[in-house]
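Those protein sequence lines, which keep their order, are chains A and B.
Residues 1 to 82 in the working numbering are what the first sequence lists, from first letter to last.
Residues 1 to 82 in the working numbering are what the second sequence lists, from first letter to last.
Quick caveat, the hints were computed from the structure, so don't treat them as lab data.
C-beta: ideal position from N, C-alpha, C; glycine also.
Just so you know, nobody snuck in bad clues.
Label-pair restraints from in silico Cβ distances:
| id | chain 1 | residue 1 | chain 2 | residue 2 | range |
| --- | --- | --- | --- | --- | --- |
| 1 | A | 71 | B | 38 | 20 to 30 Å |
| 2 | B | 33 | A | 56 | 35 to 45 Å |
| 3 | A | 21 | B | 39 | 23 to 33 Å |
| 4 | B | 10 | A | 29 | 30 to 40 Å |
| 5 | B | 57 | A | 13 | 18 to 28 Å |
| 6 | B | 66 | A | 59 | 29 to 39 Å |
| 7 | A | 74 | B | 18 | 14 to 24 Å |
| 8 | A | 13 | B | 38 | 19 to 29 Å |
| 9 | B | 39 | A | 74 | 14 to 24 Å |
Below, in silico cross-link-like pairs of lysine to any residue (SDA-like), each with a Cα-Cα straight-line distance of 20 Å or less:
| id | chain 1 | residue 1 | chain 2 | residue 2 |
| --- | --- | --- | --- | --- |
| 10 | A | 62 | A | 29 |
| 11 | B | 3 | A | 38 |
| 12 | B | 3 | B | 58 |
| 13 | B | 3 | A | 9 |
| 14 | A | 3 | B | 39 |
| 15 | A | 62 | A | 38 |
| 16 | A | 3 | A | 66 |
| 17 | B | 3 | A | 43 |
| 18 | B | 3 | A | 81 |
| 19 | A | 62 | A | 11 |
| 20 | B | 62 | B | 38 |
| 21 | B | 3 | B | 34 |
| 22 | B | 3 | A | 7 |
| 23 | A | 62 | B | 46 |
| 24 | A | 3 | B | 52 |
| 25 | A | 3 | B | 9 |
| 26 | A | 3 | B | 13 |
| 27 | B | 62 | A | 45 |
Here are a few chain B residues that face chain A, going by a calculated C-beta distance under 10 Å:
| id | residue |
| --- | --- |
| 28 | 14 |
| 29 | 20 |
| 30 | 42 |
| 31 | 79 |
| 32 | 81 |
Number of protein chains: 2
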Amino acid sequence: MPKFMDVHHGMHGITDEALRAAHQADLDIQDDEGVDFQRAWGDPDSGMVWCVSEAPSADAVKRIHERTGHPATEVYPVPVEV
Amino acid sequence: MPKFMDVHHGMHGITDEALRAAHQADLDIQDDEGVDFQRAWGDPDSGMVWCVSEAPSADAVKRIHERTGHPATEVYPVPVEV
Numbered sequence: 001m002p003k004f005m006d007v008h009h010g011m012h013g014i015t016d017e018a019l020r021a022a023h024q025a026d027l028d029i030q031d032d033e034g035v036d037f038q039r040a041w042g043d044p045d046s047g048m049v050w051c052v053s054e055a056p057s058a059d060a061v062k063r064i065h066e067r068t069g070h071p072a073t074e075v076y077p078v079p080v081e082v
Numbered sequence: 001m002p003k004f005m006d007v008h009h010g011m012h013g014i015t016d017e018a019l020r021a022a023h024q025a026d027l028d029i030q031d032d033e034g035v036d037f038q039r040a041w042g043d044p045d046s047g048m049v050w051c052v053s054e055a056p057s058a059d060a061v062k063r064i065h066e067r068t069g070h071p072a073t074e075v076y077p078v079p080v081e082v
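With the hints as constraints, model all of the structure from the sequences given.
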């Protein structure tokens, strides 16, 4: 299944607890779109968050993030990885 | 050790082989700055590449990437992770 990197802006002050809650909200409904959210990293100062997922499409990733209230600013396919 | 997400722009057409070679070049000299590059993902269409590392500082990450010829556009600390 294709892999994606999605990018969120504006999540200033994000905490471990808040990121875990947001990630869990995604996990709770990801099966609806066949998405598998794997990892997420956040920078409280810049408000940036990145998530790596496997999904049928970028739109599937976007729909899950929109439904859980933290829409991704950008979703990129990442077919290349080391 | 702090973790960082660095972002590269302009790497259009990046292949698995090219990303592996770039990553290996970083690994070869990363000890000079105490950096540990862990993973990297690339999107050949947008030319974006992201790397996750552990390092003493963002500047240490930048210096390694500059010396190996693929300077990072941005380096963010990512103290928050799931």
